[in-house]
Amino acid sequence: MTMSRYPILFSPIRLGPVKVENRIVFSAHLTNYASNGLPTAQHAAYYASRARGGAGLIITEEHSVHPTDWPYEKMIHAWKPEVVSGYRLITDAVHQYGTPIFAQINHNGGQGSGMYSRLPLWAPSPVADPLFREVPLEIDEEKIEEVIASYADVALRCKQGGFDGVELQCSHSSIVRQFLSPATNLRSDQYGGDLENRARLLLEITEAVRHAVGEEMAIGVRLCGDELIEGGTGITEAVEVAKMIEQQGVVDYINTSIGVATATLFTIEASMQFPPGYALFIPSAIRYATNLPVVGVGRIKDPQQAEKALSEGYCDLVGMVRAQIADPDFANKAANGTPEKIRLCLSCNQECVGRMGLNRWLGCIENPRTGKESHLPPRPARTRKRVLVIGAGPGGLQTAIAASSRGHEVLVLEATPHPGGQIRLAASIPHRAELFDLVRNQMNTIAELGVKILYETPGTLRSIKEIDPSVVVVATGSIPQRPSWLPAHLYFQDHIQAGSATSLSHPHPVTTFSEQQLPGVRELYPPSSGGPDKLDADSVEEPIMASRTVAVDVRHVLEGMATPRGRVVIVDDLGFHQATSVAELLADRGCSVTVTTSAMIVGQDLGITLDLEGWNMRAAAKGITQLTELVPEGISEGEIVFLHHPSGNRLVLPADWVVLAVPPEPSESLYFELIEEGIETYRVGDAVAPRKAHAAVLEGNAVGEML
Amino acid sequence: MTSDPSLRLCQAFRIRGLEASSRVVFGPHETNLGEERRFSQRHVAYYRRRAAGGAGIIVTEEAAVNPSDWPYERSPLASLCERGWRQIARAVHSEGALAIAALGHSGGQGSSAYSQTALLAPSRVPEVVSREIPKAMESRDIESTINSFARSAISAITAGMDGVEINAGQYSLVRQFLSGLTNHRGDAYGSNRLLFLKEILQAIRSRTPNAILGLRLCIDELAPWAGITPEIAVEYILGLANSIDYITLVRGSIYSAWATRPDSHVEPGFNLPATRMIKEALKAHDLSVTLIAQGSLVDPRQAEDAIADGVVDAVEMTRAQIAEPDLVSLLRLHGLRARYRPCILCNQNCQVRDPRNPVIGCIGNPEAGYEGADELPGNFLDTKPLSKVFDDQPENEDSSREPTGTERSDRAGFRESRSSPPVIVIGGGPAGLECARTAATRGFHVQLYERSHRLGGALRFISNADGKQRFSLLADWLEGECMSLGVEVILGVEATPEHLSAPSRAVVICTGSRPGRLTFPISADGVVIDPAEALNNIGSIGVPDGSHLVAWDPLGGYLVLPLVETLARRGYELTVVTPDLIVGTQLSRTGDLVPLQSRLAHLDVRMLKHHRIREVSADEVVVEDIFTNRRSSISAAGIINGGPRLPDTDLWNATNRSYDRIGDALAPRSIAEAIYEGRRKALELPLSISTIGSTVSSGS
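In the order they appear, the protein sequences are chains G and C. Take the first sequence: its letter number 563 is residue 557 in this note's numbering, and every next letter is one higher. If you want this note's numbering, it's the position in the second sequence, counting the first as 1, plus 3.
Hints were generated in silico from the structure; no laboratory data involved. Misleading hints may appear alongside valid ones.
[Said to hold, decoys possible] Quick list of the computed label-pair ranges, beta carbon to beta carbon: (1) C:E234 with G:G401: 57 to 65 Å; (2) C:K201 with G:G401: 43 to 51 Å; (3) G:R644 with C:S635: 23 to 31 Å.
[As the list claims (entries may be wrong)] Residues of chain G clear of chain C, computed beta-carbon distances all greater than 10 Å: (4) I7; (5) A146; (6) R561.
[Stated by the list, open to error] Chain C regions said to be covered by chain G (calculated; three or more residues, Cβ under 8 Å): (7) 218 to 231; (8) 671 to 684.
All C-beta atoms, glycine included, are put in the ideal place defined by N, C-alpha and C.
Based on the provided sequences and hints, a complete structural model is requested.
Here is the structure:
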């Protein structure tokens, strides 16, 4: 056996009675895969694929111990005895790979709603949660006994269901944390007041659970190290609680988290705007004060980061959830000396965290199999087709990957010198660079599959006919579109088209599949996380000086074709990162920036990816003004006019430049030309309808799997 | 009281040769009762209950005609609905109503979150909230969608449904084709916006020639610059000529999704003027089509007048029948003087297009959505439809007898005299009233204590807010039922432990809530206004007229914003301070979120979003930006405490916590929970146990 690049990461550790082969934990997270309150075959397939992929330990999503705890629709009701058959399904599936699996059990207390249960919430004190906003019932000692007994019952049920351990979620969304925290525990009985009293419930639960399950099962406690709320628990008390747990002697390990799920969620499942390992101070402090094994978490997404956290002594195990959502084989690829093959998580939060908040099943922006592990994988193609993909954005690349994986012969034509399409632009913004890992990951697979890409080669009817493929997939993306309220002569795009900036569409030699030497094939983009070259504001020639107000698309700015200066008004009609990204970029360059939107908030979709708080904090720090419920009506000399739709008032803002984050239009003409010619043609991604990257990836995958 | 058998609402009428037993329609609406994309047994029970109560036509929840439309997770999919339609048709027919299947496609107003494919629409116009850009349909998409409509209709009719209703109203691809807002096509479907619908109707009619073919048509998109107007709608209807059997007239567009089924801020029957205009225009063209009215029709008199005046042939009274399934039966027996549980147009629990998939419910009728669902929370012991009781009686036997409650108790065969130990209910708010009413229905002797001089509690003070007057109707109904059932009401008495010392069967504490703790310091001379108190005494809230008040609203909820609006209209200056980025977040489910912004803007209410209050003194409120922690101060005469409330537990504590609490006295929540718990508690009272002593807990 060769020396691993990650010696500690791939060394075993004991958690009480359970031996864990490596330090990589697929720790607890919601999936919304449950049906009627019960675990499903999808759960089993999902966890099993991470076990097969080499995870050292799997901890399931939380299971509710009591009927009063039903905060979201697809919660697993572990208080129903019939969960056991689903438990067996999960544990058998995972155990076939020799991987231990623990069940996380919990009562969310006041962090919930009576919407599904028609019961009042239970909590230490009648303090409404800031998200659910429902005043809970202050439970008496009889109900506290009931809660404790329900944990013990469910722990025993987990044992019957074949789990190797249970983890008590006492951290970001739990009645136990609510008892621990002075912010939510206002009691004056033996369960409130000093820390010893506030920790009483926790220690009574651990005691009861150990009594119920005996010594053969591991018991873990997940603690919140800092609630990040006023008057809440901080690291000092968290460490004290960990010491009490150790002293009690029934718990085998401590897991950690940061924040409160309903008050400071954006710190728990942090997006790429947070530095990796931002929460490692918590396991570090607990590990220093106790001898229990401690799990560290917090946006650790590659094996190098994990090894570093271990070798520098922050923690004993590393929870890596999103890393393994994106790539179930994360651990094996790292262990086998091929970490560069890992499909790195972007921390974009779009299809994992983002779907959880909307009561949808968990997916992944770049892994179309996530959430569909129980479906049969695509079968190899019966006949090998010659597939021509037009466009090397995320949709085109995914089409090529899916089609090539099934044995088709694939060629990709790309009009520009680079792969990645709009992702290149999006990733050129501060805080967004990791988005480019999407393209980097796809290009690694493309290289592995040997798919050829011709750059600076636009697909035209003529060139396609010469190549004579059996199938064409049009993945040509979208182009900026002038909104109807904007006069054409003030739109920058029209200046470009009238001028000389047409280099992207010049004719290029055509090649065919049979040619071995493919002219125009550029070196693939190097597989690093750095993203495309950063745009250097000072080196960009300003093609047009704004002698009057000119409106440009976000893309024109990011491509360096326009360099707005002075007073910039950004119109956000998309609600995602486009407007906020360019606002930050331009504010950093010294512009005076105002972002407007017709919606009720700027960047409305940033909420579900947990980017909204960070955006607002940075926007305030950068002096960016945000104005809402404004519909642009027109531009005149040096100003832009809006209708404030709730009041009907007009608002005029001075503007040297207007930057538009507005719906683009699909590049679809080629598709219709090919259809007209009777050529078998499909289209994917923005070429169908301009949407987010995951739509392009999913459609590319679907077409590639269908051919 | 006289029975009025002559109400036109209750008369039968014919559509395409089939008889509907009344002119009251239970219209199509989202329920989230489905199992995945199929109809469930809960659907069957839900529709059966309304058919049993006298609805003439039941139109089932819209089924998407093909998988490209998956607008909400539990949206029925036609290809999976045949079995459900069969069961619903059987159930609804057995109760004497017609069953019609709503069919539709949401087009660009759907969601790609579940289907994970592009939305389809006539043109690439994004819906305003989701902002998702749809795919402009190719001709083959159009063709396959038309075929899907026909296939779905065949399936529904095969299953035994009497007809289908095509949605060209809110959330519909067909309306998107009909409208200049959303149809910018350059082909035949753009030059003739009616073509798509015509082809759908033809395809259906040719394959199901004997079935009822209805159309749900938007007649006003409230966007006259490009949208459908009543004038355009007339043209469309003329163009459809004799290809349809009825049209249900609705309104609203992508810019006004809230306007189709608005809450009580919009007058009941708001769509009747436009409907009348359509009727007259059609008459002028000598065209006679069966018209059905829609639009907050909750008042039987208004509905009756619309039919009697010849405006429409029938009325959709959907929310009215969610609240009172027996509406038609009661009208049949008692005419317009019937007492029925009123719909108050609150939209709090019956509007369920929400990603959390709440099941349909009703603030005042806790059975709605839970009909006969034994294993579910909310199982009721007493779920036999009231009409079954009526069926046992010969018609017109005794028109003077009291409705509802007594019949149920007669059936239970259990009735206690005034001398027997009472069930004592403390507090005459929604929880106490419903508890007393239900207990009396079951035959118990009930005493109801209310410390104020009026029954109704929160229902009364909320009704003092502008746009919320209808809340008092529910209080009136509960009060009236209690009176007619012989509940002994003791007003103006603050119950004490001594009142409870006499023998009783049970004591239920429903003392409501009190203002919650503030999370910031108030100086001794700082003024804090309790919104409940202020609504109770809206004329004298304790600060000089016209003062500037700061409303602290960390909940975005139902109580403080109606007060703000009401005070602003009375000349006070208002600033709402909220930690949220949007004022009134909780109102999104009711559909009032957008209209509220407009009303507040017109009332010059200032909004300080993403701020929290830090301290309050006599004339100043210090606030802090939650993103920057920057503080600033506002001069104000006082604050309104819109924060979470606390249970009023004084009496409960004074009686050694030995009695059961329900509603806000347990945990302050909405009126729906109070009424549900009132019902549940009364249904749990044991019939068999003899008198209990005052010191004994009533159990659970």
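Hints and how they fare:
no., hint, verdict
1, C:E234 with G:G401: 57 to 65 Å, "holds, 60 Å"
2, C:K201 with G:G401: 43 to 51 Å, "holds, 47 Å"
3, G:R644 with C:S635: 23 to 31 Å, "holds, 27 Å"
4, I7, "holds, 39 Å"
5, A146, "holds, 23 Å"
6, R561, "holds, 22 Å"
7, 218 to 231, "violated (count 0)"
8, 671 to 684, "holds (count 4)"
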